[in-house]
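Same order as they appear, the protein sequences are chains A and B. Mapping the first sequence onto this note's numbering, position 371 (from 1) lands on 364, and the numbers just tick up by one. Mapping the second sequence onto this note's numbering, position 247 (from 1) lands on 240, and the numbers just tick up by one.
If you are wondering where the hints come from, they were derived from the structure by calculation, not from laboratory data. Possibly wrong hints are sitting among the right ones.
No copy labels: a pair is met if it fits in one copy or bridges any two.
Said to hold, decoys possible - Simulated crosslink set (BS3-like; lysine-lysine; CA at most 25 Å straight-line):
#, residue 1, residue 2
1, K203, K92
2, K360, K216
3, K111, K169
4, K206, K36
5, K306, K197
6, K278, K77
7, K206, K92
8, K219, K278
9, K169, K305
10, K352, K320
11, K298, K223
12, K216, K247
13, K145, K305
14, K305, K223
15, K252, K206
16, K77, K216
17, K360, K145
18, K111, K368
19, K216, K36
20, K206, K298
21, K203, K169
22, K77, K244
Protein chains: 2
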Amino acid sequence: MYLMTPGPTPVAPETNLAMAQPIIHHRSPLFMEILGEVRADLKYLFETEQEVLIFAATGTGAMEGAVANLLSAGDTALVVDGGKFGERWTELCNVYGVKAERLAVPWGRAVDPKAVAKMLDANPAIKAVFVQANETSTGVQHPVKELAEVTKNRAGTILVVDAISALGGYAIPMDKWGIDVLVAGSQKAMMLPPGLAFAALSPKAWEFVKTSKLPKYYFNFAKAAKSAEKNQTPYTSPVSLILGLREVLGKIKKVGLEKIYAHNRRLSKACKAAMQAMGLELYSKDYPSVVLTAVMAPAGVDGQKVVAELRKKGIWIAGGQAEAKGKIFRIAHMGFIDTVDLLGTIGGLEEVLNALGYKVQPGAGLKAAQEVLAKEAAV
Amino acid sequence: MYLMTPGPTPVAPETNLAMAQPIIHHRSPLFMEILGEVRADLKYLFETEQEVLIFAATGTGAMEGAVANLLSAGDTALVVDGGKFGERWTELCNVYGVKAERLAVPWGRAVDPKAVAKMLDANPAIKAVFVQANETSTGVQHPVKELAEVTKNRAGTILVVDAISALGGYAIPMDKWGIDVLVAGSQKAMMLPPGLAFAALSPKAWEFVKTSKLPKYYFNFAKAAKSAEKNQTPYTSPVSLILGLREVLGKIKKVGLEKIYAHNRRLSKACKAAMQAMGLELYSKDYPSVVLTAVMAPAGVDGQKVVAELRKKGIWIAGGQAEAKGKIFRIAHMGFIDTVDLLGTIGGLEEVLNALGYKVQPGAGLKAAQEVLAKEAAV
Chain A
-6 MYLMTPGPTP VAPETNLAMA QPIIHHRSPL FMEILGEVRA DLKYLFETEQ
44 EVLIFAATGT GAMEGAVANL LSAGDTALVV DGGKFGERWT ELCNVYGVKA
94 ERLAVPWGRA VDPKAVAKML DANPAIKAVF VQANETSTGV QHPVKELAEV
144 TKNRAGTILV VDAISALGGY AIPMDKWGID VLVAGSQKAM MLPPGLAFAA
194 LSPKAWEFVK TSKLPKYYFN FAKAAKSAEK NQTPYTSPVS LILGLREVLG
244 KIKKVGLEKI YAHNRRLSKA CKAAMQAMGL ELYSKDYPSV VLTAVMAPAG
294 VDGQKVVAEL RKKGIWIAGG QAEAKGKIFR IAHMGFIDTV DLLGTIGGLE
344 EVLNALGYKV QPGAGLKAAQ EVLAKEAAV
Chain B
-6 MYLMTPGPTP VAPETNLAMA QPIIHHRSPL FMEILGEVRA DLKYLFETEQ
44 EVLIFAATGT GAMEGAVANL LSAGDTALVV DGGKFGERWT ELCNVYGVKA
94 ERLAVPWGRA VDPKAVAKML DANPAIKAVF VQANETSTGV QHPVKELAEV
144 TKNRAGTILV VDAISALGGY AIPMDKWGID VLVAGSQKAM MLPPGLAFAA
194 LSPKAWEFVK TSKLPKYYFN FAKAAKSAEK NQTPYTSPVS LILGLREVLG
244 KIKKVGLEKI YAHNRRLSKA CKAAMQAMGL ELYSKDYPSV VLTAVMAPAG
294 VDGQKVVAEL RKKGIWIAGG QAEAKGKIFR IAHMGFIDTV DLLGTIGGLE
344 EVLNALGYKV QPGAGLKAAQ EVLAKEAAV
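Excised from the complex, chain A in its bound form (with noise of 0.2 Å):
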């Protein structure tokens, strides 16, 4: 199975050796000593000097957590809604009685930063500002940046990113923008298996969470970080997960962000020259995600048939959600992927297509994409 899927990704084969070994008690020093040092290389990740939440659960626990945390029932919100993960947002709000003031972005179009601006204006009551870092749903990026300025100098309004998809895909410096709340997951671009969630916050979210009276417990994040301090979780801590992210964060710091930042954008070039050279057009109207190319189906071919026949060649490329289902086909490329993967699998998609009705001159693509890679060095 070629996994260019927005999550789970492909585990290294070192990664899976590091989860196989004994299970270690996670009240021991030595683990405790592991745990030290994935705090410290998480942040170096999140480039935060804040320290970063780690749970035993999927990414929705953390955006649950950010929720519950932070805000109380009758509170406003704005939520950035511009694919599936930003309806997530609206639900969460909506489960815990805090007015989610939608702003709709059509899907394929990233938020404009002065449209949020003017809404935080026109209602001083919106306590925090929930988005997505990289919106897997429809492959585009939210001017995260650009939306840390215009929350980072009102004093009651926060700004909760949602980079579930992004962290470790492409730069998100959270300290150094001014993001509020970073919510991250293990199986994108952090390239382990889904298990683990992240939360760091600034000092101004931890005023918020003082404050907070929505009910919460595992995820209590004032209880987590607590446990931090010591080395440790509140709850039994997912020892074998953490033994892997140990392995792969120590394997990013050694690479370095920049150079793996840099790996994705020429991945991510390859990927849409190929696109264009075939004749097909992103999904992605503006900032197209650097970690997964969104694509318009061709006029006649049905995006869901596209990744069926993919599959059957073995490469799993992932179809639409929603109201974009069948009408897109979305190929991801981060974490542990590599040129191999991208060239097999943008040749399998050119025979596809053309086996769809879809005429592509063989190697189009593929052309395309060497051409971006022989340009940009490898790294």
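We have chain A already, so just place chain B on it with the hints.
Then chain B, alone, in the frame of chain A:
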């Protein structure tokens, strides 16, 4: 590290290898087939015809789910509090605005079902009884079967059992006994790394779900049940842990629950006989746990010292928690543990106690354990 601790417990090498397989996509037919198999095998383990919900979390997450999915703010619950994990139910009720009527049970004792019946008679508003099957902090098994007899004919009250350290260790036939909610975790008698939580609900409990008004999202039971029907989980499935789960459940089914429980009883008897032969007193006065032996440290010996000295030999047992700290030590024999591990631990304990000034005839405990093991046939 020889893990004779009540979680995490050792994971078998073949389980580690199962989890080290390449990641497969959680929406693929292959994974859905695996999840289908796991669902069936979980019903076998829980001895229920109901769906067993799976969460990427540790057991505490499913405990929180049991409160948030079954009750509403202002409801009253009876909490059996006879140790550290009993306290957790009270904390959870407090967080969610559920009034917890605490039935305090002295540490080391089991709850008296008649006392529960009396409280339910006195306060018909009590909607749920929260209890541990095996109170890990004291090594006591609460009489869950008898508690179910108290609750099962009361239409307005359900019995919620935390079996995190019990399930897979000894029989807790959910349907037969009439337990309404059974919660479990992966890292104890289930022989997996931490990271999976489980909950199964009786039809009566599902009726309670319908009227519950507490907020829940990640641990939403109804949503999890709906996804399960399609062999999916609501959010990204913890793929590697599920592969491990399939391996473990396959093994459990092949060996058979009865044989596993007989094996555990045999180890438990041998361990307890060894302690008595060494002149030590059990901490658990009623219903000593079959998966855990809690022992009073002899007069003048600090229980924490016993634990620390054994660790120097690579043997990990647990100390006492909260009010039992220093007074006791706890030897777990749950999951992937055999006579070799047990005898090694008993031998190490003899040496450590002698070194700490409590004189034990070398081999006294070992001899007693061997006699039990010889008498009770290996299974």
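Output the numbers, in ascending order, of every earlier hint that fails for this structure.
-> 2, 4, 5, 8, 9, 12, 13, 15, 17, 18, 20 and 22
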